[in-house]
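> Start from the sequences and build out the full structure, keeping to the hints where you can.
In our numbering, the protein residues as written are 1 to 78.
None of these hints come from the bench; they were simulated from the model.
Since the structure is predicted, the reported quantities are computational estimates derived from the model, not experimental observations.
Glycine included, each C-beta is placed from N, C-alpha and C at the ideal position.
Be aware that a few hints might be false.
Computed spacing ranges between beta-carbons, pair by pair [unchecked claim]:
id, residue 1, residue 2, range
1, Glu77, Asp10, 29 to 37 Å
2, Asp66, Leu15, 14 to 22 Å
3, Cys76, Asp10, 26 to 34 Å
4, Val21, Ala55, 14 to 22 Å
5, Lys22, Ser59, 30 to 38 Å
6, Asn17, Gly70, 24 to 32 Å
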Amino acid sequence: MKYIKFKFGDGLYDLINVEKVKRFVIWENRIDVIYSDGDGCGYDINRYIYVRENADSNSSELINFDEVKGKLLKLCEE
Numbered sequence: 001m002k003y004i005k006f007k008f009g010d011g012l013y014d015l016i017n018v019e020k021v022k023r024f025v026i027w028e029n030r031i032d033v034i035y036s037d038g039d040g041c042g043y044d045i046n047r048y049i050y051v052r053e054n055a056d057s058n059s060s061e062l063i064n065f066d067e068v069k070g071k072l073l074k075l076c077e078e
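Have a look at this one:
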């Protein structure tokens with residue numbers, strides 16, 4: 001499994017299993033992680049929004065934004 005570490009300002013780390021993610025949307029200052037989880041019948045689709053700075057109630061500020069963005073883009077080359 002391939003994990004990417006997302007680091008937040010409050011000391012929290014979130015390890016994202018990129019093999020389980022349905023889609024990443026990479027913007028200049030924002031990364032959307034979209035995944036689908038379910039048993040094959042009813043799917044629960046969730047979107048997490050990570051931003052470089054100025055997080056609001058719909059997003060989380062990602063301390064290592066540039067590192068994560070680089071790793072995600074590198075996955076496209078493999």
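> Quick check: which numbered hints come out false for this structure?
Result: hints 5 and 6 break, sorted rising.
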